[in-house]
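Asks: Sequence:
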Amino acid sequence: MKYYGWLLSSAVAALGTAQVHAQEADPFFLGTLRIESSKAQALLGNEEIDEEDLENRNASTTKDVFAGESSIVASGGAAIAQKVFVNGIEESLLSITIDGARQNKSAFHHTGNVLLDPALLKRVEVSEGIAPADAGPGALAGRIAYETKDAKDLLEEGDNFGGMASATIGSNEESGRGTLTLFGRQGGFEWLLSATRHKSGDYEDGSGNRVPGTEADLTDYILKLAYESQGGERLEFSASQTEDTGTRSAQAGPGGILFTRPDFAAVVGRPSVFVDALSRRTSYTITYTDEEPEGWFDPMIQLSYNEQEIDASGVWGVNDSLSGIFQNEWDIGNGTLTAGLDFFHETATGRGRGPGPFGSSGKEELTNVGLFAQARQDISDRVSVSYGARIDTQEFTAATGQTFDDTGVSANAAVDVILSDRWTLNAGLASSWGGYELGEAALINFGGAWTYAGITTSRANAARIGLRYASGPWEASGALFYTEVNDINAVIPTGGNRGAVSDLVSRGFDGSFGYYGSRGFFRANYTYADVELDNVTIGSTAYYLGRPMGSIVGLEAAYDVSQQWRLGGTAEIAFDNHDTPVKLSGYEALDLYAAYTPKMAPNVEIRLDVRNVLDATYASRSSDGVGMGNVVPLNEPGRTFELTARVKF
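Anchor point for the sequence shown: position 114 equals 388 in our numbering, and the numbering is continuous, going up by one each time.
No lab work stands behind these hints, which were simulated from the structure alone. Think of the CB as a built atom: it goes at the ideal place given N, C-alpha and C, for glycine as much as any other residue. It is possible that some hints are incorrect.
To be verified - Restraint-style ranges between C-beta atoms, simulated for each label pair: (1) S792 x N434: 27 to 37 angstroms; (2) L645 x Q838: 47 to 57 angstroms; (3) W570 x P528: 51 to 61 angstroms; (4) E507 x G437: 19 to 29 angstroms; (5) G437 x P631: 52 to 62 angstroms; (6) T667 x F915: 52 to 62 angstroms; (7) E862 x A727: 47 to 57 angstroms; (8) E507 x L611: 18 to 28 angstroms.
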């Protein structure tokens with residue numbers, strides 16, 4: 275708490291400087307908001323992975339999306355197993371959206387939270403710890419917002435039809451991946467249809483050992499329809515389904531039934547059996563916006579339904595979420611004000627397939643209604659601020675039929691202060707009410723009826739303060755961060771006690787150094803995250819909470835040799851972590867690529883990726899079970915050559 279108190283007082287002092295300059299604001303000029311710039315947001319811990327980043331990384335998995343990052347990492351294995359961690363905190367404690375649609379957490383702890391295919395990703399916005407009020411409810415440790423491309427993002431000027439196709443083959447697991455996307459418009463109507471198929475065998479690690487249960491067997495479909503009137507009123511509908519149906523490693527558990535554990539290579543003392551598992555995410559979203567707003571009316575209205583299903587052999591579970599938002603953006607003095615109402619109704623339903631108490635079933639429900647407002651302003655030529663609040667009220671229905679309700683308030687504030695022509699100070703604070711947590715769907719009442727005595731609501735407090743230096747093409751930044759999440763109810767309750775609570779803390783430092791030239795860039799990121807659960811270094815199977823990250827370096831570079839050739843790569847370096855009971859060994863993983871666009875065919879790209887160039891044998895720091903004596907963690911793939919051909923027409 276001393277660390278948080280120091281950060282709190284420092285951030286408050288920085289925020290206070292905004293008031294000194296308030297009289298300099300011009301209430302009639304509305305330009306680009308400096309605090310919303312990518313550089314200011316990055317120092318606040320709000321990273322944007324844009325379309326160029328995604329193309330450079332040639333992302334085919336969630337893990338690839340965050341290559342080269344140090345504060346945002348994803349675990350490995352098959353798509354069904356991959357989870358994202360932000361400063362060591364699992365994504366289930368963040369607000370996750372895809373095209374604005376709220377995503378629920380996993381129905382089973384050995385699988386990932388959000389099954390995702392990145393083929394059509396346009397950008398990813400990540401808030402680390404401090405999320406704005408309009409990020410939605412439940413943003414305890416921040417948010418991750420995925421946005422996919424529309425037809426209008428892909429069509430060339432004057433064209434009414436187009437398409438993209440790509441094919442990738444890989445040497446390690448004899449993999450094949452193909453994507454076909456077609457899109458068009460006629461008058462005010464737009465449409466897009468995309469399909470991806472990814473199939474492979476089990477991959478081999480750097481020592482040449484096959485890692486069983488890691489085959490790729492993913493299918494993804496996306497449909498988007500839109501109509502935009504001549505006045506700019508736009509109505510969009512999107513539907514998507516992503517499915518992983520590969521053969522996964524399973525071991526016997528309680529009741530003698532099999533549980534698929536795609537996040538482990540094996541469990542010591544328990545023979546593995548290989549069975550078909552299922553992870554399926556289905557989403558529907560309808561959105562109304564005004565692309566040419568006039569006056570005070572600049573609305574966004576959205577209604578979404580999302581379902582995430584897991585079949586883990588011995589247990590089955592599904593999480594579904596119906597969510598909606600109505601918001602409007604107003605121009606205010608030198609800035610904007612976004613305010614509105616949002617809601618969600620979510621259920622967790624599961625059943626066991628074992629004998630007696632291991633064949634039980636159950637259901638929990640959670641309803642939330644929130645009001646929010648977030649302002650963003652340049653209040654002088656040197657000071658920019660962002661501040662907001664929201665109030666949420668919830669009703670939780672337990673598997674016993676009991677109901678619990680509560681109301682909480684969240685608030686946030688951030689400031690960006692230009693100290694000189696090269697130095698900028700940035701600071702932020704947030705206190706976020708999390709409310710109740712749904713339990714793990716697949717295990718509701720598994721082995722015995724759950725109890726709810728002592729169940730309560732969670733709250734997070736976060737602070738961040740940093741400096742940024744920029745001189746020509748050179749940039750450097752560093753920030754201290756602190757996030758605590760208190761009174762987290764047990765999602766996987768020991769003895770069925772859902773009222774048990776835990777406290778989680780992530781504290782540390784984010785640093786970045788980079789060169790950004792006209793033909794290329796180099797960027798080095800460093801993050802130290804000390805993650806504790808109930809005042810003890812967190813373990814590597816603290817599901818729905820976090821992982822012991824320690825010190826991680828992320829590197830990324832790209833250089834345009836000519837208009838036809840581009841070279842680049844990413845690297846992840848993890849240092850030894852001595853804070854855990856068993857030392858977690860460090861590793862170095864390097865990926866390189868070369869991309870060629872023929873001069874006579876500018877819509878064609880041929881690309882060679884060499885992943886894990888050093889052929890290292892290692893388990894990612896974010897993987898489950900690392901450092902545990904009863905688990906064999908998943909090693910990452912060894913050296914892999916991938917050849918990709920991509921064409922636009």
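Asks: Next, verify each hint and record whether it holds.
Replies: So, going through the hints one by one against the coordinates:
The hint said 27 to 37 angstroms for the Cβ distance between S792 and N434, and at roughly 35 angstroms that hint holds. Taking 47 to 57 angstroms as the suggested C-beta distance range, the pair L645 and Q838 conforms, at roughly 54 angstroms. Our hint of 51 to 61 angstroms for W570 and P528 holds, since their Cβ atoms are close to 59 angstroms apart. Between E507 and G437 the beta carbons are some 28 angstroms apart, a value that agrees with the proposed interval 19 to 29 angstroms.
Our hint of 52 to 62 angstroms for G437 and P631 holds, since their Cβ atoms are close to 54 angstroms apart. For the hinted restraint 52 to 62 angstroms between T667 and F915, the CB-CB distance of approximately 55 angstroms keeps it satisfied. At roughly 49 angstroms, the beta carbons of E862 and A727 sit within the given window of 47 to 57 angstroms. Roughly 22 angstroms separates the CB atoms of E507 and L611, a value that falls within the hinted 18 to 28 angstroms.
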